[in-house]
Amino acid sequence: MNQPNLGDFSMLDLFQMEIQSHTADMYKSLEAISSNLSAASRDLFTNLMRATHSIRGASKIVHIEAIANLTASLENCFVAFQEGFFLPKQEHIDLFHQTVDFLAEVGQVPVAEISSFLSDRQEYIDLYIQNIKRVTRAEDLQIGTFTELKTLESDHPTPNHRATKEADGESLYNSHLIESPLSDTIPDLSDFSMLDLFRMEVENQVAVLNDGLLQLENTPNAIDEIEPLMRAAHSIKGAARIVQLDVAVQLAHILEDCFVSAQSELIKITSNHIDIFLQCVDILLNVSQVSSGNISDWLTDNRDNIGEVLVAMESILPEERRNRFDRLVVAGTYTEKDKAPQAPKTTEEPQQGLTYAESSLSLVASQHSVAKPSEALMVTSEVNAIASSSSVQSTTLAKSPHETEKIAERTVKVNTDNLNRLMGLAGESLVEANWLQPFADSLLKLKYLQADLDRQLEILSESLESQRKLNSVESIQFKSARRTADSCRHFLSERLSELEVFARRSANLSDRLYREVIASHMRPFADGVQGFPRMVRDLARQLGKQVKLEIIGKSTQVDRDILEKLEAPLTHILRNALDHGLESPEARIAVGKSPEGIIRLEAMHRSGMLAITVSDDGKGLNPENIRQKIIDKKMTTHSMAAQMSEIELMDFLFLPGFSTAKQVTEVSGRGVGLDIVQNMVQQVGGIVRASSQAGKGMTFHLQLPLTLSVTRSLLVEIGGEPYAFPLSRIDHIVLVSKSEIRLIENRQYFTFDQYNIGLVVACQVLELRESQLNLEELPIIIISDRHSRYGLVVDKFLEERELVVRPLDKRLGKIPNISAAALMEDGAPILIIDVEDMVRTIDKLLTGGKLDKVSNYEDKKSIKSRKRILVVDDSITVREMERKLLENKGYEVEVAVDGMDGWNAIRTGSFNLVVSDVDMPRMNGIELVSQIKNHPNLKSIPVIIVSYKDREEDRLRGLDVGADYYLTKSSFHDNTLIQAVQDLIGV
Numbered sequence: 001m002n003q004p005n006l007g008d009f010s011m012l013d014l015f016q017m018e019i020q021s022h023t024a025d026m027y028k029s030l031e032a033i034s035s036n037l038s039a040a041s042r043d044l045f046t047n048l049m050r051a052t053h054s055i056r057g058a059s060k061i062v063h064i065e066a067i068a069n070l071t072a073s074l075e076n077c078f079v080a081f082q083e084g085f086f087l088p089k090q091e092h093i094d095l096f097h098q099t100v101d102f103l104a105e106v107g108q109v110p111v112a113e114i115s116s117f118l119s120d121r122q123e124y125i126d127l128y129i130q131n132i133k134r135v136t137r138a139e140d141l142q143i144g145t146f147t148e149l150k151t152l153e154s155d156h157p158t159p160n161h162r163a164t165k166e167a168d169g170e171s172l173y174n175s176h177l178i179e180s181p182l183s184d185t186i187p188d189l190s191d192f193s194m195l196d197l198f199r200m201e202v203e204n205q206v207a208v209l210n211d212g213l214l215q216l217e218n219t220p221n222a223i224d225e226i227e228p229l230m231r232a233a234h235s236i237k238g239a240a241r242i243v244q245l246d247v248a249v250q251l252a253h254i255l256e257d258c259f260v261s262a263q264s265e266l267i268k269i270t271s272n273h274i275d276i277f278l279q280c281v282d283i284l285l286n287v288s289q290v291s292s293g294n295i296s297d298w299l300t301d302n303r304d305n306i307g308e309v310l311v312a313m314e315s316i317l318p319e320e321r322r323n324r325f326d327r328l329v330v331a332g333t334y335t336e337k338d339k340a341p342q343a344p345k346t347t348e349e350p351q352q353g354l355t356y357a358e359s360s361l362s363l364v365a366s367q368h369s370v371a372k373p374s375e376a377l378m379v380t381s382e383v384n385a386i387a388s389s390s391s392v393q394s395t396t397l398a399k400s401p402h403e404t405e406k407i408a409e410r411t412v413k414v415n416t417d418n419l420n421r422l423m424g425l426a427g428e429s430l431v432e433a434n435w436l437q438p439f440a441d442s443l444l445k446l447k448y449l450q451a452d453l454d455r456q457l458e459i460l461s462e463s464l465e466s467q468r469k470l471n472s473v474e475s476i477q478f479k480s481a482r483r484t485a486d487s488c489r490h491f492l493s494e495r496l497s498e499l500e501v502f503a504r505r506s507a508n509l510s511d512r513l514y515r516e517v518i519a520s521h522m523r524p525f526a527d528g529v530q531g532f533p534r535m536v537r538d539l540a541r542q543l544g545k546q547v548k549l550e551i552i553g554k555s556t557q558v559d560r561d562i563l564e565k566l567e568a569p570l571t572h573i574l575r576n577a578l579d580h581g582l583e584s585p586e587a588r589i590a591v592g593k594s595p596e597g598i599i600r601l602e603a604m605h606r607s608g609m610l611a612i613t614v615s616d617d618g619k620g621l622n623p624e625n626i627r628q629k630i631i632d633k634k635m636t637t638h639s640m641a642a643q644m645s646e647i648e649l650m651d652f653l654f655l656p657g658f659s660t661a662k663q664v665t666e667v668s669g670r671g672v673g674l675d676i677v678q679n680m681v682q683q684v685g686g687i688v689r690a691s692s693q694a695g696k697g698m699t700f701h702l703q704l705p706l707t708l709s710v711t712r713s714l715l716v717e718i719g720g721e722p723y724a725f726p727l728s729r730i731d732h733i734v735l736v737s738k739s740e741i742r743l744i745e746n747r748q749y750f751t752f753d754q755y756n757i758g759l760v761v762a763c764q765v766l767e768l769r770e771s772q773l774n775l776e777e778l779p780i781i782i783i784s785d786r787h788s789r790y791g792l793v794v795d796k797f798l799e800e801r802e803l804v805v806r807p808l809d810k811r812l813g814k815i816p817n818i819s820a821a822a823l824m825e826d827g828a829p830i831l832i833i834d835v836e837d838m839v840r841t842i843d844k845l846l847t848g849g850k851l852d853k854v855s856n857y858e859d860k861k862s863i864k865s866r867k868r869i870l871v872v873d874d875s876i877t878v879r880e881m882e883r884k885l886l887e888n889k890g891y892e893v894e895v896a897v898d899g900m901d902g903w904n905a906i907r908t909g910s911f912n913l914v915v916s917d918v919d920m921p922r923m924n925g926i927e928l929v930s931q932i933k934n935h936p937n938l939k940s941i942p943v944i945i946v947s948y949k950d951r952e953e954d955r956l957r958g959l960d961v962g963a964d965y966y967l968t969k970s971s972f973h974d975n976t977l978i979q980a981v982q983d984l985i986g987v
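Residue numbering for the sequence shown follows UniProt numbering, beginning at 1 and increasing consecutively.
Bear in mind the hints are in silico, worked out from the structure with no lab data behind them. Check before you lean on any hint, since a few could be wrong.
The list that follows gives simulated cross-link-like pairs (lysine-lysine, DSS-like), each with its CA atoms no further than 25 Å apart [claimed, not checked]:
1. Lys810 <-> Lys933
2. Lys939 <-> Lys867
3. Lys548 <-> Lys268
4. Lys796 <-> Lys810
5. Lys814 <-> Lys565
6. Lys60 <-> Lys89
7. Lys844 <-> Lys969
8. Lys933 <-> Lys969
9. Lys565 <-> Lys796
10. Lys867 <-> Lys933
11. Lys814 <-> Lys738
12. Lys867 <-> Lys884
13. Lys548 <-> Lys479
14. Lys867 <-> Lys889
15. Lys738 <-> Lys593
16. Lys949 <-> Lys814
17. Lys796 <-> Lys738
Label pairs and their in silico Cβ distance ranges [stated by the list, open to error]:
18. Ile985 <-> Glu799: 36 to 42 Å
19. Asp304 <-> Leu214: 23 to 29 Å
20. Leu14 <-> Ser116: 17 to 23 Å
21. Glu564 <-> Glu799: 28 to 34 Å
22. Ser271 <-> Asp843: 22 to 28 Å
23. Leu214 <-> Ala590: 25 to 31 Å
Every residue, glycine too, gets a C-beta built ideally from N, C-alpha and C.
With the hints as extra help, turn the sequences into a complete structure.
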């Protein structure tokens with residue numbers, strides 16, 4: 001066939017517009033027919049016929065014969081249905097959907113690629129035409145002669161197989177009734193781009209189903225709530241058919257029919273029905289998450305579960321619709337009662353009278369046993385159909401094509417890295433724009449100088465005239481000079497005015513751009529909590545409790561990075577509230593409460609922060625019980641516990657391993673959940689607090705930054721350089737008189753709010769040049785973590801400002817005490833302090849006695865150099881024992897809590913020896929020694945491994961990576977360790 005000349009792009013553009021318009025109408029008509037096959041209106045087929053005829057005519061105008069032939073076959077088929085020669089069946093509608101999907105994709109292909117697109121897919125166009133013609137010529141044939149594209153015979157069938165089938169007159173479709181092992185039944189899902197799109201579609205639609213089903217359970221008579229559920233199930237069915245995952249097709253199909261029956265008021269949905277529907281939704285979500293290589297094993301493991309759900313869902317349907325399912329295509333087959341008598345077959349037929357569910361499961365194993373890999377290509381034209389939940393596959397009857405297109409364009413997926421780069425560029429643009437106004441202000445000085453020059457000329461002219469009369473030439477020259485000066489002044493004023501206007505407009509535009517980019521990094525709070533209603537419902541039913549979850553502030557905008565981190569901590573809080581907080585209905589009634597407990601999850605913006613509150617109206621916690629638990633666990637003394645406030649007592653809830661639960665259940669009680677909450681909150685620079693009223697409930701308050709891209713910071717000067725402290729990590733800022741500084745055990749402190757707070761100088765911690773602290777009142781920033789609190793003396797406070805956070809180059813590694821950077825208005829860089837890291841650094845420096853007092857910092861004396869040893873061990877007991885043992889021998893010792901901490905310390909400090917454990921988190925001792933010995937500047941540092949492992953293979957393993965000594969921890973009790981240290985670095 002000669003290829004058409006597709007060079008007239010303008011005509012092709014019109015052709016594509018024609019296709020897009022008519023396919024949208026065709027989808028609407030097909031949806032209407034599919035919803036009521038038995039009473040399908042002829043007018044709907046008339047609409048289909050007209051739309052197809054228009055596309056056919058347009059394709060002839062642009063000489064695209066392939067589309068003309070396809071639409072001609074389709075038009076003839078619609079005419080046959082319109083005249084009443086045939087009754088539509090679901091498999092016909094499925095074929096028409098596939099064909100319209102292909103036409104819709106032709107309407108989306110770039111104009112320059114239409115020719116090659118059609119040429120590459122000519123085989124599939126022929127397959128479409130072949131199957132459409134089978135529909136129109138087979139009225140007297142049984143429905144089994146209808147062949148779907150996805151179940152065609154393989155490219156290389158055995159000769160006997162094909163001969164037997166053709167001799168018996170059996171359709172290729174029915175040939176798939178052969179039973180085969182489940183492992184051989186899985187469609188080819190190696191096209192990961194399509195499988196990923198399928199997963200995305202299922203995730204989107206499952207969210208709709210979960211929310212809708214829970215809403216429907218609360219308002220079972222709301223028929224309007226069923227329409228979105230029906231569309232969601234239909235979308236999953238179409239997407240599953242595209243990737244040939246017929247188990248999902250079956251589940252979604254019967255789920256859709258249940259919704260159709262409910263919408264038609266043939267059934268009334270109950271809570272038990274909701275349970276079954278949710279189980280079906282879970283299976284659909286789970287199967288979508290399985291990798292293509294593991295589908296077979298997954299189906300084998302879940303076969304019984306799928307069967308139970310299918311049987312349960314079938315039982316929900318009215319009797320007449322169950323009979324209808326017996327006549328439908330079920331995973332590629334029919335029951336015996338739908339087949340006309342045929343000649344004896346050489347293949348085994350399915351048992352007569354199989355139910356819908358039984359047919360589905362028994363045929364999972366055979367539906368693709370002879371499908372050729374190339375058949376998967378028939379769905380490549382449908383990729384666009386699952387790219388969005390608003391695509392043509394899920395077009396609703398209630399929306400016009402324009403409305404559908406508008407919805408589809410609302411969301412665009414953007415790579416996070418691209419968005420971060422865009423944010424960085426927007427920040428730079430803002431900095432550059434803000435530089436213009438200072439530049440314009442600097443030009444005012446030139447304007448003043450120009451005005452001064454005019455005055456000087458005027459004075460000079462008057463002075464000369466007073467001494468003698470100027471001749472005509474001199475007078476002309478002076479007038480010319482004054483005119484030139486006036487012109488310069490006016491020109492400068494005009495340009496300066498224009499520059500100021502431009503600077504304001506540029507700053508305003510850059511600021512708007514910056515804020516829009518920041519907004520694009522935000523998502524509504526609802527996106528992060530959409531799974532919570534389902535989780536709360538299921539867990540409440542499991543625990544036998546009645547619970548209502550109220551989510552307030554769903555539209556509150558949250559940084560996407562924070563939103564992703566919120567799911568785990570909020571899940572733990574909700575599970576705790578369900579298991580420990582809320583009472584059983586009987587217990588609530590006994591104390592005068594409603595049998596239904598309430599959990600309220602609220603998000604709002606408050607004081608430039610994101611405030612999240614989780615509260616319940618359960619039994620709450622008695623502070624005295626917490627106080628006693630602290631004493632029982634020997635976490636503090638009786639006297640100290642008695643002095644603790646309620647806030648301090650509540651802080652113990654966030655410690656790892658601390659739990660007030662009397663028993664550990666599958667849900668909670670292990671004491672790890674709130675520790676996870678605390679870690680997440682601190683990771684993003686927020687705070688979490690708990691409060692409770694015994695008998696009235698428990699409340700958790702999370703205060704988080706609105707975005708990780710912008711931080712509200714306090715700018716201070718340290719060592720003559722500006723630094724930024726995130727406001728969310730600052731406890732207080734105070735001015736303290738030197739007379740208020742006290743000394744105990746050689747450590748300085750001051751008293752604030754009845755607490756003694758240790759005092760350190762910031763420039764010592766950051767290893768900067770000495771500051772001249774000749775002030776009567778010291779500017780101090782109070783910072784803390786869960787265990788320690790310090791007052792950090794800075795040179796001076798500068799200002800409070802919002803900074804665009806710029807991540808540091810990954811090649812720099814983790815810079816001690818620094819988390820990120822930012823740019824000032826003049827383009828100067830400023831470092832943002834990592835408060836958590838700084839507190840840990842202060843702990844280490846104080847432990848090693850390396851910090852001077854504020855009073856004598858300027859007069860510190862040189863200290864005799866001692867040999868430094870780094871002790872790396874994750875056990876605080878072992879660390880302290882080794883530290884004291886070595887310090888008693890005159891060595892200066894620094895400690896690290898694990899291998900990664902030790903590796904950072906080695907790279908940033910100077911050590912004569914490293915003593916390391918083996919088994920440690922993040923980086924073990926073997927890896928640490930290997931890193932040291934492979935580093936060109938550190939490989940000369942001797943290393944001693946001290947471990948509980950005393951096997952010969954462990955010792956050889958340590959020595960092989962470069963350790964100089966391998967000792968067991970029993971060496972603490974004799975001089976073995978000390979002798980090894982002295983042997984390597986001396987006394």
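Next on the checklist: What's the verdict on Lys867 and Lys933, does the C-alpha distance respect the 25 Å limit or exceed it?
Outcome noted: Status holds; Cα separation ~20 Å.
Checklist entry - Can the restraint linking Lys60 and Lys89 be considered satisfied, given a maximum Cα separation of 25 Å? => result Violated, at roughly 31 Å.
Next on the checklist: Given the hint of 28 to 34 Å, is the C-beta distance from Glu564 to Glu799 inside that range or not?
Outcome noted: holds (32 Å)
Checklist entry - Has the hinted range 25 to 31 Å been met by the Cβ atoms of Leu214 and Ala590? => result holds (29 Å)
Next on the checklist: Tell me if the straight-line CA distance from Lys548 to Lys479 falls inside 25 Å.
Outcome noted: violated (89 Å)
Checklist entry - For the pair Ser271 and Asp843, does the Cβ-Cβ distance stay inside 22 to 28 Å? => result violated (55 Å)
Item to check | Pairwise hint evaluation, Lys810 against Lys796, where the allowed Cα distance is 25 Å at most | outcome: violated (31 Å)
Checklist entry - Is it true that the CA of Lys565 sits at most 25 Å from the CA of Lys796? => result violated (35 Å)
Next on the checklist: Tell me if the straight-line CA distance from Lys867 to Lys889 falls inside 25 Å.
Outcome noted: Holds - the C-alpha atoms of Lys889 and Lys867 are around 11 Å apart, at most 25 Å.
Item to check | Pair hint outcome, Lys810 versus Lys933 [Cα-Cα no greater than 25 Å] | outcome: Within the cut-off at roughly 23 Å; holds.
Next on the checklist: Checking one constraint from the list: CA of Lys796 to CA of Lys738, max 25 Å. Satisfied?
Outcome noted: holds (15 Å)
Checklist entry - Lying within 17 to 23 Å: is that true of the beta-carbon distance Leu14 to Ser116? => result holds (20 Å)
In this structure, the hints that do not hold are numbers 4, 6, 9, 11, 13, 15, 16, 18 and 22, in rising order.
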